[in-house]
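**Student:** Okay, here's what each chain looks like letter by letter:
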Amino acid sequence: MKFLISLAFKNLTRYRRRTLITAGAIAIGIMMFIMVDSMLRGAEYESVRNLKWYETASARIYNSEYWEKRYQMPLDINIPDYKEKVQKLEKNGYKVTPRISFSGELILNVIDFGEDGSMSIKVTAIDPQKDSDVFHFNDTLVEGRFLKPGEDGILIGSWLAEDIGAKIGAWVTIVTRGNGGFYQSMDLEIVGILNCPNPIVNRNLLMMPISTASDYLEMEGAATEINIKLTDNANVKAETAVIKSLIGNNNLSVYSWEDLAFDFLAVLEADRGGSNMILILIFIIAAVGISNTMLMAIFERTRELGMMRTLGMSDSAIRLTFMFEAMGIGIIGSIMGVILGICINFYVVNVGFDFGFMLRDIDIGYRIQSVMRGAWNFDTAVIAFFAGIIITTIVALLPTRRALRMDIPSCLRS
Amino acid sequence: MIKIDKVIKNYQNGETEVKALRGVSLEIQKGEFTSIAGPSGSGKTTLLNLIGCIDKLDLGEISIKGEKVSSMNKKEKTSFRRQNLGFIFQTYNLIPVLSAYENVAFVLSLLDVSEKDVHTRTMNVLKEVGLEGMEDRKPAKLSGGQQQRVAIARALVKDPEIVLADEPTANLDSTTGEDILKLMKSMNEKLGTTFIFSTHDPMVMDYAGRIVLLHDGLIKSDKNRR
Ligand SMILES: Nc1ncnc2c1ncn2[C@@H]1O[C@H](COP(=O)(O)OP(=O)(O)O)[C@@H](O)[C@H]1O
Ligand SMILES: [Mg+2]
Numbered sequence: 001m002k003f004l005i006s007l008a009f010k011n012l013t014r015y016r017r018r019t020l021i022t023a024g025a026i027a028i029g030i031m032m033f034i035m036v037d038s039m040l041r042g043a044e045y046e047s048v049r050n051l052k053w054y055e056t057a058s059a060r061i062y063n064s065e066y067w068e069k070r071y072q073m074p075l076d077i078n079i080p081d082y083k084e085k086v087q088k089l090e091k092n093g094y095k096v097t098p099r100i101s102f103s104g105e106l107i108l109n110v111i112d113f114g115e116d117g118s119m120s121i122k123v124t125a126i127d128p129q130k131d132s133d134v135f136h137f138n139d140t141l142v143e144g145r146f147l148k149p150g151e152d153g154i155l156i157g158s159w160l161a162e163d164i165g166a167k168i169g170a171w172v173t174i175v176t177r178g179n180g181g182f183y184q185s186m187d188l189e190i191v192g193i194l195n196c197p198n199p200i201v202n203r204n205l206l207m208m209p210i211s212t213a214s215d216y217l218e219m220e221g222a223a224t225e226i227n228i229k230l231t232d233n234a235n236v237k238a239e240t241a242v243i244k245s246l247i248g249n250n251n252l253s254v255y256s257w258e259d260l261a262f263d264f265l266a267v268l269e270a271d272r273g274g275s276n277m278i279l280i281l282i283f284i285i286a287a288v289g290i291s292n293t294m295l296m297a298i299f300e301r302t303r304e305l306g307m308m309r310t311l312g313m314s315d316s317a318i319r320l321t322f323m324f325e326a327m328g329i330g331i332i333g334s335i336m337g338v339i340l341g342i343c344i345n346f347y348v349v350n351v352g353f354d355f356g357f358m359l360r361d362i363d364i365g366y367r368i369q370s371v372m373r374g375a376w377n378f379d380t381a382v383i384a385f386f387a388g389i390i391i392t393t394i395v396a397l398l399p400t401r402r403a404l405r406m407d408i409p410s411c412l413r414s
Numbered sequence: 001m002i003k004i005d006k007v008i009k010n011y012q013n014g015e016t017e018v019k020a021l022r023g024v025s026l027e028i029q030k031g032e033f034t035s036i037a038g039p040s041g042s043g044k045t046t047l048l049n050l051i052g053c054i055d056k057l058d059l060g061e062i063s064i065k066g067e068k069v070s071s072m073n074k075k076e077k078t079s080f081r082r083q084n085l086g087f088i089f090q091t092y093n094l095i096p097v098l099s100a101y102e103n104v105a106f107v108l109s110l111l112d113v114s115e116k117d118v119h120t121r122t123m124n125v126l127k128e129v130g131l132e133g134m135e136d137r138k139p140a141k142l143s144g145g146q147q148q149r150v151a152i153a154r155a156l157v158k159d160p161e162i163v164l165a166d167e168p169t170a171n172l173d174s175t176t177g178e179d180i181l182k183l184m185k186s187m188n189e190k191l192g193t194t195f196i197f198s199t200h201d202p203m204v205m206d207y208a209g210r211i212v213l214l215h216d217g218l219i220k221s222d223k224n225r226r
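Those protein sequences? They're chains D and Z, same order as listed. For the first sequence, the tail end lands on 414 under my numbering, and the numbers increase by one without skipping. For the second sequence, the tail end lands on 226 under my numbering, and the numbers increase by one without skipping.
Since the hints were derived computationally from the structure, they do not count as laboratory data. Among these hints, one or two may not hold up.
[Claimed, not checked] Stretch by stretch, here's where chain Z covers chain D in the computed footprint (C-beta under 8 Å, at least three residues):
hint: 1; segment: 5 to 12
hint: 2; segment: 273 to 280
[As the list claims (entries may be wrong)] Cβ-to-Cβ under 10 Å is the rule here; a few derived chain D residues that face chain Z:
hint: 3; residue: K2
hint: 4; residue: V142
hint: 5; residue: R301
hint: 6; residue: R401
[Unchecked claim] Some, not all, of what chain Z presents toward chain D, calculated at C-beta under 8 Å:
hint: 7; residue: K65
hint: 8; residue: E67
hint: 9; residue: V107
Yeah, the Cβ is synthetic: ideal placement off N, Cα and C, and Gly gets one too.
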């Protein structure tokens, strides 16, 4: 055994170039594995964060009947006297903000936009003073200013602004149906442009003050939703139960962000399946490379193998020698790969890659607008390290088996 | 010691069948220094491979030391070779990454020999073959004759009763080849080891105690030179 290990080690150092090339292939595979895994985890982490920061908050209160009809955004299925609920929740230490969401028609006039036009839109009416307690829109302002309470102003997402050619100071008209079904039109001045990192939001974001919307739409103190922010490590399920008991109204329901974003989470699950495929692919490519070089290594030494078999070395001992040799290559490659992976991960985590050109037009589910950054994951490095060694060792078995199936005289003659 | 009885061995070479051995019977006694002679293609290697238990015969029987090796399975043959047979090859077949010492000690590492014994036996046999002081050299740093000496040491270190050598001098110039044969002969006399070696070189035959001449897979003559 000691002899076999020393022989394997000597072969490793003797065929140094081959050892380094194979180890290099393994190292690149492992580096890619660590990098791709880091990026996917980073994308997932950032997506979830951007989802909570700009879409779902941590939890949300709706009228119990709202959920089924949420795509129509009805104003009459609402939370009456939202201020009272907001106060109550705030008194209990929760960060909350009310909102009114409604759909309508955006009318663009020829003076400000060069031509007349209209489009279907969704508008979110926010409390300019409280919204930032829960969401993070005020950090995303790229032009103009944030909303003031009670003004006839509107904020617009930068991609939507680009699409329609909106500028600060331009006026838009929104036509919608108020609470009760009457038609209402509002003239609003664009006061700010937001560049929201969440592409789903940035593509069609329109926000106006809740008090203005409340007046126009005759909400009579009602909101369509109350959003709640919880700490990162809060138990969301438990907290929603507490919130439910606090508001003490059977007509209202509390939804966690996971409830609200179930479709996103399903996409994420699918993406995860896809990313596992990428990782498996990386390992298959590496394995084929290893298998090939091991095959070469073994066939180069067919006569040597024949001699060893002639002298009575058992097949299992020969197999073990080549396994040790492959394991040595695997260890070198894995160490190199993990080191390389960690180095490149510094870049991936801190700088990232800009996929903005792609993410603007294609919705792949991730809530990332442009720069995809990685996330550190110690487990991955450990898994990649051992997988590199184990796979290399196992892969070496195939060519060894082929060589051992040759009869000894043929080995000696080669 | 070795009994070869009506051995037939055919090779399938694509469509055609090559009759390598066509009924060879032969007995070799302990301590003999036997040369299997004959032109190229006469079946020398085939016969040595069969005696060496690394090939399978088609018909007939071979027994060594009373054991019917021709009907052993692969594992039994491997173990039999390990315990009883030494081999010397035309192309030396040393492991290039190992020193002369390690190439010889390798054989003992396959057997149940204590580390201390491995050292003394390896050093002794290397001295016997005239390689004292060259133990640490790799094969690439040795001449052809020296490499074949390492191979002889490797064959003898486990003290086998039989050493098989297929054209051990074919890759060497005639003086070196003669030296190798002298060494083999002296070992044969000193240790009583049975040597069977093949050759197609008439000079080599001068050293043999017995010459078995093969021709087209049959024994043409069998002469004791003593
Ligand atoms: N593996 C093989 N396949 C086909 N024919 C073979 C094989 N090995 C040997 N032979 C043939 O068997 C005959 C005897 O070969 P061999 O024993 O090697 O002779 P020698 O060693 O005397 O030169 C030759 O005709 C050779 O071509
Ligand atoms: Mg031959």
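**Student:** Of the numbered hints stated previously, which ones are contradicted by the structure, given in increasing order?
**Tutor:** 2, 4, 6, 7 and 8
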